[in-house]
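Peer 1: Once you've looked at the hints, dock chains L and R against the given chain H.
Chain residues, written in single-letter form:
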Amino acid sequence: MNEIPPIQGYVIISALLFAIGLTAVLVRRNAIAVLMGIELMLNAANLNFVAFWRYHGAERMEGQVFAVIVITLAVAEAAVALAIILSVYRRFRTVNVDQINLMKG
Amino acid sequence: MPQGYEFFLIPGLPLLAFLVISAFATRKQDEELAPAFIIIALTGSLVLSFRALMMVAAQGELERTVPWLSVGTLSLDLGVLVDYLSAGMMVVVCVVSLLVQIYSIGYMRGENGYGRYFAYMSLFSGSMLGLVISNNLAQTYIFWELVGICSYLLIGFWYRRPAAAAAAKKAFVVTRFGDLGFLAGILVLSALPNASFGFADLAHRVETQRLAVGTATLVSLLIFCGAMGKSAQFPLHIWLPDAMEGPTPVSALIHAATMVAAGVYLVARTYFLFAVAPTALFVVASIGTLTLFLAATMGVAENDIKRVMAYSTVSQLGYMMMALGVGGYTAGVFHLTTHAFFKALLFLTAGSVIHTLHSNNMWEMGGLRKRMPITAITCLVGALALAGMPPLAGFWSKDEILTAAWHSKLAGHQVFFLAALVSAFITAFYVFRLWFLTFGGEPRTAQARQAHESPWVMGGPLVILGALAAVAGVLKKSVPGTGQGLGELLSREGAPEPFSWLVMGLSVAAATGGIALAWAAYSRGLVSPAAFNRRFPGVYALLKNAWYFNHAWELFATRVVIAGSALAAWFDRHVVDGMVNGVAWLCGRVGQRLRALQTGQMQFYVAVLVLGVIASLLVLVTRETPKLTGWWR
Amino acid sequence: MIASLWQAAVEAFLSGSFLYPLAFVAFALGTLVPAVLVVVSKNIVHAALWLLVSLASVAGLYLLLGAELLAAIQILVYCGGIVVLFLFAIMLTPGVGDPEVRVHNRQLFWGFIAATLLAAVALHLLSSEPWRVVSTANLTDVTGRLAEALLGPYVLAFEVASVILLVAMIGAIVIVRAEPRE
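Protein chains in written order, with my numbering: chain H, 1 to 105; chain L, 1001 to 1633; chain R, 2001 to 2182.
Only chain H is shown next, with the shape it has when bound in the complex (with noise of 0.2 Å):
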């Protein structure tokens, strides 16, 4: 069917999608919450590199091939980042991003 709607529609659904993931990010205490802000993110840049694909035509892979390289690194950087929290959580005893502050002023 060629009655699909505009690449706008994508196009606005991944920024409100990054800027709610941003919201999470710079609002959330917990840094659980603040990781899944990321992986918010990162899906908003996914969808856009996949909407540009289909709408260049669909004959590069070059948009999909980034999402998925994307993707791959999402996993490991979620997997990293999860380690240092427990880490982090271990020394701290919590895991309030807030009170995790070595500083003394």
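Rather than coming from a laboratory, the hints here were simulated on the basis of the structure. The beta-carbon is built from N, C-alpha and C at its ideal position, and this holds for glycine as well. Just so you know, not all the hints are guaranteed correct.
[Unchecked claim] Cβ-Cβ distance ranges computed for the label pairs, FRET-style:
1. H:E62 with R:V2084: 45 to 53 Å
2. H:E62 with R:L2063: 13 to 21 Å
3. L:G1588 with H:L102: 21 to 29 Å
4. H:R60 with R:L2029: 55 to 63 Å
5. R:V2167 with L:G1588: 40 to 48 Å
[Said to hold, decoys possible] To give an idea of the interface, some chain H residues facing chain R are shown, with a C-beta separation under 7 Å as derived from the structure:
6. I7
7. A24
8. R29
9. I32
10. A76
11. A83
12. Q99
13. I100
14. L102
[Claimed, not checked] Sample of chain H residues lacking proximity to chain L, with all beta carbon distances greater than 10 Å (derived):
15. V27
16. V34
17. F52
18. H56
19. E62
Peer 2: What follows is chains L and R alone, placed relative to chain H:
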């Protein structure tokens, strides 16, 4: 060498002698040679100076320049200007210096530092000649400073004596005040468009009206500051009496005949500036008058033979300045010449006495005319010249000055004339007081009874100078080698002053009166100075303490100058340091505020980052696609 | 632009070709709404689960765009892997705790402003220019062509990504290992 450049040797020979003496003749075993070098050099300079004089008479002025430094249009060169003024002055300097050097051979015999003495003397002679022959103001200043240094070195020749060292310092510092003004004047000139230091250039400017009257007044007043310092005019005269700590030949050469005359010479050289600035002329005349009167009164109460002479020099310099001020250019320069001869003579005779008696105090002398006849007679000639008795040289020059003051068009010239006349009376009085106390009456101490005449090496110059002091009056009518009178040669201001029998009569009367009073007081005992001092203790104290000028200067130095320094120190501490500290304080405060940005909260940093991204985004996009910015215009 | 979307929707509905737009709207809402809930949930487990829903909807969007393999990868990896990982971590930490404790930090207001500003700027920029796009696409054998691309010109990226995964795994283990007690 090309014609004219040989005159560079006139200062060059003595300077060369300085180098040679310093290098080879300062050790004890070589010292005897030292005077030979300078005498040879000065003889050469004398011959060249005469040649210069005759050349000017035959061919007119000559100027030669060796370029040295130049910045833009302003250049600092070494040059010689040979005209009647400089050639005449050079002859005088060479003659007096030569005679003093010969005299010094006898006077300084056996002294420590014999070689050093002649080295300094040759440096001085060379510097003075360089000053005289200079063709531009900057070169004049260079040599001006050089003679100042030589004066310091020679006053403090016996540097182990604290009084001598202090006197040398005082001379240098006080003349420094004047030199500051001089330098300021030079700098003002250098700031003019198409600036130049050359005298010919500047004179031309003044003539063609390219120099404003205000500027000329300012510059001439500043230059006069320098003259005030070097020529010991009020209020910068305090150094000259103290400068008598130096050896007597030094006093004779530097502080009577030549260096102190440099101030007068400077004013004469730059007279074209003064001529268009009546204010400056008035200042010069006033200060000259003040000086000549005050110094004469101070000379009356001195007991040290050299100090009497010192005040006399100050007073006579005042006469010269006053003459220049009232427009008597010729009179001032003429008196410069005659004064050089008879004042040097007087100093050398005093030196002769001191040399044999080892004392400067006139009250320890007396009756020396029998034991030192040559000294006594030459001193008498000098005293008569100073007092202004005809037919000696001093009479002619002093008379010219008085005539100039009488006929001058300057405001207040009558006051100047009156002061000069009264001071002539005082001058005659103090100089004959000196003669009667020293040579008249009977010896007052054992020393005096055993006094002996000086050797011929000292006596010879005395006689020659005595002759010059006697006959130099003839210069007024005819300068040897030129066939014209001094007045015509020097006169730039038009016709020489008219002759006045009245003035001549008054001046002779004043001189005679002074001599008579001195004779009555100190020879015949008809008038008692002691009684006078008892009746007018205030007057006596005033004169004895030199009108308290030294005290005033000391007060100024300790109160005013130190107060000024305290103010400057406060300013430095609070304002200058304050600004620097303020910057540091500001940094600290700003840092304190900015530190709050380092919260350590990661999410804060991310937020700031995001804001930065937004800003960059907006900037980039609006630059690339101006259409997009429409909605917020 | 919103007007043209609405127009298209109405046309599609009237012409029967409304499935695609319907699916699009559904998946779009399914992405954005749970995302907002992730931000505001007090309970962190709930937040993780809403994340799951959002990611799954994104997979749906991929399907609509014709990237089938990618959609599958999305579900397997993101939903099945990462969210599970998050849940594990949540269980190991006291994130599930006192419901009285605030969920957001002190910069709620400014963070919100920043994000909104970014969204506004981005939206404005993105909707102002017409995009040079084509609406016809070559959707034959997408998976095959993707595989060819990954193992062809982009094999380096592919391999490096694998290495990164290995390194991340080792790194995570090392970081989390308890300090050896002496």
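Peer 1: All hints, please: hold or fail.
Peer 2: Each hint, compared with the structure:
no.	hint	in the structure
1	H:E62 with R:V2084: 45 to 53 Å	violated, 30 Å
2	H:E62 with R:L2063: 13 to 21 Å	holds, 20 Å
3	L:G1588 with H:L102: 21 to 29 Å	holds, 24 Å
4	H:R60 with R:L2029: 55 to 63 Å	violated, 31 Å
5	R:V2167 with L:G1588: 40 to 48 Å	holds, 46 Å
6	I7	holds, 5 Å
7	A24	holds, 5 Å
8	R29	holds, 5 Å
9	I32	holds, 6 Å
10	A76	holds, 4 Å
11	A83	holds, 4 Å
12	Q99	violated, 10 Å
13	I100	violated, 12 Å
14	L102	violated, 18 Å
15	V27	violated, 8 Å
16	V34	violated, 8 Å
17	F52	holds, 19 Å
18	H56	holds, 21 Å
19	E62	holds, 24 Å
Checked against the numbered hints above, the structure violates hints 1, 4, 12, 13, 14, 15 and 16; every other hint is satisfied.
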